[in-house]
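Peer 1: Position chain B against the provided structure of chain A, taking the given hints into account.
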Amino acid sequence: MSRAVGSLACAGALAAYPAAAATRLGWVLAAIGVVAFGTLAVGLGLRRPQLFIWALVLLGVEYAVWLELETHALDQRAPVVGAGLLLTAELAFDSLEPELGPITSTAVLARVIVLAVVVLASVGIGAIVLGAASIPLGGGVVVTALGVAAAVLALALIARLAAARR
Amino acid sequence: MRRSAAPKLGAYAGLAGLGLLAALVLGQPLLVALAAPFALVLAGGLILADDPRLEAAVELDHDRVLTDDPIELTIELYAERGVPRLDVLAGVPDGLIVDQGRNPVSIRLEPDELQRVELTLRAARWGAYQLGDVLFRGHDTLGLFRFDLALPRDRQLRVFPREEQIRTLLRPHDTQPYAGDEVARRRGEGIEFADIRPFAFGDQMTRVNWRATARRGELWVNDRHPERNSDIVLFLDSFSEVRRAESSTLDLALGAAATLARGYIGARDRIGLVGFGGAFRWLQPGTGEAHLYRICEALLDTQILLSYAWRDIAVVPMRVLPPQSLVIAITPLLDERSVGALFDLRARGHDVTVIETSPVPYVEPGRTASERLAFRLWCLRRDALRDRLRQGGTAVVEWREGIPLAVGIEEAGAFRRHAFAGRG
Chain A
1213 MSRAVGSLAC AGALAAYPAA AATRLGWVLA AIGVVAFGTL AVGLGLRRPQ
1263 LFIWALVLLG VEYAVWLELE THALDQRAPV VGAGLLLTAE LAFDSLEPEL
1313 GPITSTAVLA RVIVLAVVVL ASVGIGAIVL GAASIPLGGG VVVTALGVAA
1363 AVLALALIAR LAAARR
Chain B
125 MRRSAAPKLG AYAGLAGLGL LAALVLGQPL LVALAAPFAL VLAGGLILAD
175 DPRLEAAVEL DHDRVLTDDP IELTIELYAE RGVPRLDVLA GVPDGLIVDQ
225 GRNPVSIRLE PDELQRVELT LRAARWGAYQ LGDVLFRGHD TLGLFRFDLA
275 LPRDRQLRVF PREEQIRTLL RPHDTQPYAG DEVARRRGEG IEFADIRPFA
325 FGDQMTRVNW RATARRGELW VNDRHPERNS DIVLFLDSFS EVRRAESSTL
375 DLALGAAATL ARGYIGARDR IGLVGFGGAF RWLQPGTGEA HLYRICEALL
425 DTQILLSYAW RDIAVVPMRV LPPQSLVIAI TPLLDERSVG ALFDLRARGH
475 DVTVIETSPV PYVEPGRTAS ERLAFRLWCL RRDALRDRLR QGGTAVVEWR
525 EGIPLAVGIE EAGAFRRHAF AGRG
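Top to bottom, those sequences are chains A and B. Its first residue numbered 1213, the first sequence is counted upward by one per residue in my numbering. Its first residue numbered 125, the second sequence is counted upward by one per residue in my numbering.
Just so you know, the hints here were simulated from the structure itself, not pulled from any lab data. Certain hints may be false.
[What the hints assert, rightly or not] One side of the interface only, derived from the structure: several residues of chain B facing chain A at Cβ under 8 Å:
1. A163
2. V165
3. L172
4. V229
[As the list claims (entries may be wrong)] Just a few of them, taken from the derived set where beta-carbon distance is under 10 Å, the chain A residues facing chain B:
5. L1268
6. L1286
7. D1287
8. L1299
9. E1311
10. A1371
Every residue, glycine too, gets a C-beta built ideally from N, C-alpha and C.
Chain A extracted, bound-state conformation:
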């Protein structure tokens, strides 16, 4: 239960941030946030992981819309938002696991440590992305092609790892 509440709290914060920070069309962002929050709440209630994905996508969409509506300035809190999304997902998926015994403090501590490391690493990688994004480049086809190649490479690497583990 506490994990579901934690997940909802994270989702609530993530939904509120763009809506609160928006200078225009805040109600649109708020509507998307509410739908995302509701989807997550329903997913947690019905124990449907598919709804978690939709909720996370909606939260991402809300953030992307806010970025589009604003002045294209780099949001310094993007790594935190990314880490928040991950924390929301982790807690939501954790809440699906059945309780099969007394929860020992050791187990709780171990899980908290894993989550903390993952979140910190996420913030770190987000910061790296933010740093890379702040490098002034002229843009153009070459940079875009490099970006596409990097994205494809990252996904291919993950797919390769997954295939090797099967």
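Peer 2: Positioned in the frame of chain A, the structure of chain B alone reads:
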């Protein structure tokens, strides 16, 4: 162990891909910052997820127990690599209750550490149980993969009905020629004094009763009763039963049969078994501990099988019903075929005693007046049936759950003493 992907794996891959794609399409590099954590977890989870090489063994402390005895089920677990979370589920069949311990349970398994999961089970009902598969599900550190292992069901547990303590047993009218603990009615070599008679050629001098000889002026000797064994046949009616929750007339019958078998075997009598029902089975009379186990095993296999086939006592082989044996029928007196067999047995001269495992406590008298009337009529018909059996010389006792079997045995014994005295 069999590896499978958790739902999180696909979800994170999709989210990471979608985020990267959106960043490219929208030209928003910050969206990569949203997708990167998911990609990071994916990459980390894929690198770290290794088969924990779990080894497991399941042990039962006993494979034969009595009803309500505790049974310790121990699951030993060992993994070369640690498992942050291992779910253990022991398949416990219906009839077995987990008294202590949790099932299923989640534990944390450290690398190279032997860990035990202990469950205390209790069998609420007799029978042969096969413990179900023991299932293990391990989760990796980041929860992207699951490792499943199933230990097949290869543990059998036989639960015998709990026996009651009885001090006296029903004795047959006649004994058999073999040595035993029962004082025979006829005279011969033995310990128990029977009578005195005039000396006859061949009598041993040690048997001379000198006091009677001195008084009568001629040699008189003591006669004694020899100690002989007897043949008992347990006639178990398995045509039908009446059940309520965890208790039934068949449970009562099996408890009584086990108690009587133990008692008679202890008295060096030979005991046989006739399972008279949808499935007909028998055991020839025998004695000794091994035979007791054979009877108990046969009792465990007893079950109610619906059958419309007419059976009578003719299907019972003659060697299973030895002459001068005591037939103890344990029956709810519900099926016409078993009732007919009892009358038939008595008509053929067998010494029959009926322990009726009464179905009356298992039946609701009903709410309406007509239902209550039907119940009363049913009870009256049962009384009439008992009287008919008694008129034929068969001892019938009604035995209900919660009443010691010894009470029924005493009641039957009293009837039989009275009947034998009347017979002269």
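Peer 1: Now tell me, hint by hint, if it's right for this structure.
Peer 2: Status of each hint after checking the structure:
no.: 1; hint: A163; verdict: holds, 6 Å
no.: 2; hint: V165; verdict: holds, 6 Å
no.: 3; hint: L172; verdict: violated, 10 Å
no.: 4; hint: V229; verdict: holds, 4 Å
no.: 5; hint: L1268; verdict: holds, 6 Å
no.: 6; hint: L1286; verdict: holds, 7 Å
no.: 7; hint: D1287; verdict: holds, 6 Å
no.: 8; hint: L1299; verdict: holds, 9 Å
no.: 9; hint: E1311; verdict: holds, 8 Å
no.: 10; hint: A1371; verdict: holds, 8 Å
Hint check: a violation occurs at hint 3 only; the rest are consistent with the structure.
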